[in-house]
Amino acid sequence: MSAAYDITETLDVKGASCPMPVVKTKAAIDDLDPGAVLEVLATDSGSMSDIEGWAAGTEGVELLDQEGDGDVFKHYVRKTE
Amino acid sequence: MSTDTPDAPADDAPSRAELAARVDELETALAEATDDDGDKKMSIIATKGTLDMAYPPLILASTAAAFGYEVTVFHTFWGLDIIHEERSTDLKLSSVGNPNMPVPNVVGALPGMDRVTTKMMEKRIDDNDTASIEELIETSLDMGVEFQACQMTIELMDYDEDDFYDGVTTGVGAATALQDMADADIQLLV
Numbered sequence: 004m005s006a007a008y009d010i011t012e013t014l015d016v017k018g019a020s021c022p023m024p025v026v027k028t029k030a031a032i033d034d035l036d037p038g039a040v041l042e043v044l045a046t047d048s049g050s051m052s053d054i055e056g057w058a059a060g061t062e063g064v065e066l067l068d069q070e071g072d073g074d075v076f077k078h079y080v081r082k083t084e
Numbered sequence: 004m005s006t007d008t009p010d011a012p013a014d015d016a017p018s019r020a021e022l023a024a025r026v027d028e029l030e031t032a033l034a035e036a037t038d039d040d041g042d043k044k045m046s047i048i049a050t051k052g053t054l055d056m057a058y059p060p061l062i063l064a065s066t067a068a069a070f071g072y073e074v075t076v077f078h079t080f081w082g083l084d085i086i087h088e089e090r091s092t093d094l095k096l097s098s099v100g101n102p103n104m105p106v107p108n109v110v111g112a113l114p115g116m117d118r119v120t121t122k123m124m125e126k127r128i129d130d131n132d133t134a135s136i137e138e139l140i141e142t143s144l145d146m147g148v149e150f151q152a153c154q155m156t157i158e159l160m161d162y163d164e165d166d167f168y169d170g171v172t173t174g175v176g177a178a179t180a181l182q183d184m185a186d187a188d189i190q191l192l193v
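Chains as they are written, first to last, in my numbering: chain A, 4 to 84; chain B, 4 to 193.
Treat the hints with caution; some may be incorrect.
Facing chain B, a subset of chain A residues (Cβ under 10 angstroms, in silico) [said to hold, decoys possible]: (1) Tyr8; (2) Gly18; (3) Ala19; (4) Met23; (5) Ala30; (6) Asp53; (7) Gly63.
Below, a list of computed lysine-lysine pairs in the DSS-like style, where the Cα atoms sit at most 25 angstroms apart [claimed, not checked]: (8) A:Lys82 / B:Lys126; (9) A:Lys82 / B:Lys122; (10) B:Lys122 / B:Lys51; (11) B:Lys126 / A:Lys27; (12) A:Lys77 / A:Lys27; (13) A:Lys17 / A:Lys82; (14) A:Lys82 / A:Lys27; (15) B:Lys95 / B:Lys122; (16) B:Lys126 / A:Lys17; (17) B:Lys44 / B:Lys95; (18) A:Lys77 / A:Lys17; (19) A:Lys27 / B:Lys44; (20) B:Lys95 / B:Lys126; (21) A:Lys17 / A:Lys27; (22) B:Lys51 / B:Lys126; (23) A:Lys27 / B:Lys43.
Pair by pair, the computed Cβ-Cβ distance ranges are [stated by the list, open to error]: (24) B:Thr31 / A:Gly71: 48 to 56 angstroms; (25) B:Gly100 / A:Tyr8: 50 to 58 angstroms; (26) A:Leu35 / B:Ala112: 50 to 58 angstroms; (27) A:Ser52 / B:Arg118: 33 to 41 angstroms; (28) B:Arg19 / A:Leu35: 50 to 58 angstroms.
In case anyone wonders, no lab produced these hints; they're calculated from the structure. Everything numeric in this text was worked out from a predicted model, so none of it was measured. Note that CB positions come from ideal geometry on N, CA and C, so glycine has one too.
If we strip away everything but chain A, and leave its shape as in the complex, we get (with noise of 0.2 angstroms):
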């Protein structure tokens, strides 16, 4: 991961299926501040489609980062405002 960002938290998500990484991923971003970089954690392959279209379709977040090369998918989404 680069270092362009920090991450202020981290959510696991690992084993929960559609569409609770989305849902989470949403309510964890409403608990942090403006500015702060969630990371999450998921085992959903389906997770990379849908926190990216997430992130697309809502305001207020910034998509960074996704990883999908091991076993756990990782998204890296900032909270803009």
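Could you slot chain B onto chain A? The hints should help.
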């Protein structure tokens, strides 16, 4: 009307003041029509109470809430069972009427087969870490989804208003659902 302009309008043409007023009026109407207040809404009508048909409205409702939609799910007829605290934990899968089921209809119609196919489905749900109906309802409620129980069918099915999860709205009817649908960006009947 003034007649000192070279291209004075005919007597029945609107005056400059009238035109200006009309332009103001249209601009206001245009602003209202294109007003995007970010207030996205989704309205779902849930009419089915089998295990397989309980999932789609709950998954879509919680996901839409995560997208910032204001979500209303209007439960009617067997859809009431989804938000019925006791019955929601015991929703069943029909073993007949679905050609994709692993048993032929003639076998599926035997006594007790619904129980067998329901157990199979429950095991799959468990094995796949799919959220339970109860978990989806609690999560949706936490996210601000409004679950409504149709008053007419509560009485028709002989349920009590207290039978439903805390936070479920009762005392609503078709007019409420229609109003929600009229205001919504997405309307679904499940």
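Those earlier numbered hints the structure runs against, lowest number first:
Numbers 1, 8, 9, 17, in rising order.
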